[in-house]
Amino acid sequence: MNVLFFGIAKDIVGSSQITISKGEAIPNSVADLKRLLLDSYPEFLKLKSLAIAVNSEYAADDVSLNGNEEIAIIPPVSGG
Amino acid sequence: MNKIIEIVETIDTAKVYSELSDAKSGGICVFVGAVREFTKNEEVVALEFETYETMALKEMGKIADAAMRKWSLNKVVMKHVVGEKGVEEPVVVVGASSAHRDACFEACRFLIDTLKETVPIWKKEKFKNKTVWVSAHP
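In order, the protein sequences belong to chains W and Y.
If you count the first sequence from 1, position 80 lands on 80 in this note's numbering, and the numbers rise without skipping.
If you count the second sequence from 1, position 96 lands on 1096 in this note's numbering, and the numbers rise without skipping.
Note that these hints are calculated values from the structure, not bench results.
Glycine is no exception: its CB is placed at the ideal position from the N, C-alpha and C atoms.
There could be a bad hint or two in this list.
Which stretches of chain W does chain Y cover? Using the computed rule of at least three CB atoms under 8 Å from a CB of chain Y, they are [claimed, not checked]: (1) 4 to 17; (2) 47 to 57; (3) 67 to 80.
Per label pair, the in silico range of CB-to-CB distance [unchecked claim]: (4) W:36 - Y:1099: 48 to 56 Å; (5) Y:1117 - W:19: 25 to 33 Å; (6) Y:1014 - W:24: 47 to 55 Å.
Not close to chain W: a few residues of chain Y, all C-beta gaps over 10 Å, as computed [what the hints assert, rightly or not]: (7) 1003; (8) 1005; (9) 1006; (10) 1026; (11) 1030; (12) 1043; (13) 1046; (14) 1058; (15) 1100; (16) 1109; (17) 1110; (18) 1129.
Construct the entire structure; sequences and hints are all you get.
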């Protein structure tokens, strides 16, 4: 599972991409992924919002994951 | 092609007029967002933009489609820059053309307001002594 990080999320994690390999515990839902992220990087709790995109679409917490998706961590957007 | 959606290095504001101009359109409305010199009395040196491009283009396309469903528009343009931009440089342009002015005025406001809410683009403000990701924290 490829996880992409943008904006301040990239600074928090210290990388623009993390690969979770099949052997490791792959989160099975968006909620699960968020939990894993917040446990590993508590700095995310300080953000105004935290959204997850699955295959470049915003995904709700109950969306399930099989490990083959492209995941992106979307901190508060600030275009314009 | 009645819809132009792009992530670009630089915005040519003059070109947008020709992209929106259309024989059926009596009204063309364009909004340009540019780099402002001061944020809360602090001098901004530059803004740096980054994006999740595949998703940003998809989201901008959805916004343009929603506008075209909501108003009777002939053409819609949405462009946003990436990279570092200095004071007065354009960073975003949205525009719409329609038979009469009401539709394109209202659509233009919707295009920029919705872009700022949903499109995955991030802006870092560079001041003399620090850099800040805009809107990241409450």
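Quick rundown of the hints versus the structure:
With a cut-off of 8 Å between beta carbons, the segment 4 to 17 of chain W has 5 residues touching chain Y; three or more are needed, and the interface restraint holds. For the segment 47 to 57 of chain W, the stated coverage by chain Y holds: 5 residues have a C-beta nearer than 8 Å to a C-beta of that chain, and at least 3 were required. Here's how the segment 67 to 80 of chain W fares: 8 of its residues keep a CB closer than 8 Å to some CB of chain Y, so the rule of at least three is met and the hint holds. Between residue 36 of chain W and residue 1099 of chain Y the beta carbons are some 52 Å apart, a value that agrees with the proposed interval 48 to 56 Å.
Restraint check, residue 1117 of chain Y to residue 19 of chain W: a C-beta distance of roughly 31 Å satisfies the suggested window 25 to 33 Å. Our hint of 47 to 55 Å for residue 1014 of chain Y and residue 24 of chain W holds, since their Cβ atoms are close to 52 Å apart. Every CB of chain W lies more than 10 Å from the CB of residue 1003 of chain Y, the least distance being 18 Å, so the non-interface label holds. Here residue 1005 of chain Y stays apart from chain W, with its beta-carbon at least about 13 Å from theirs, past the 10 Å limit.
The beta carbon of residue 1006 of chain Y is kept farther than 10 Å from every beta carbon of chain W, the shortest such distance being approximately 13 Å. Every CB of chain W is more than 10 Å from the CB of residue 1026 of chain Y (nearest about 27 Å), matching its label as outside the interface. Residue placement check: residue 1030 of chain Y keeps its beta carbon more than 10 Å from all beta carbons of chain W (closest about 14 Å). Against the 10 Å criterion, residue 1043 of chain Y stays outside the reach of chain W, whose nearest CB is about 19 Å from its own CB.
With a minimum CB-CB distance of about 15 Å to chain W, residue 1046 of chain Y clears the 10 Å threshold, and the non-interface call stands. Under the 10 Å C-beta cut-off, the non-interface status given to residue 1058 of chain Y relative to chain W is violated; the minimum distance is some 6 Å. Listed as outside the interface, residue 1100 of chain Y is consistent with that label: its C-beta sits roughly 26 Å from the nearest C-beta of chain W, beyond the 10 Å cut-off. Against the 10 Å criterion, residue 1109 of chain Y stays outside the reach of chain W, whose nearest CB is about 12 Å from its own CB.
For residue 1110 of chain Y, the non-interface assignment is confirmed: its Cβ lies about 13 Å from the closest Cβ of chain W, beyond the 10 Å cut-off. A cut-off of 10 Å between C-beta atoms confirms that residue 1129 of chain Y is not in contact with chain W; the least separation is 17 Å.
The earlier numbered hint that this structure contradicts is number 14, and it is the only one.
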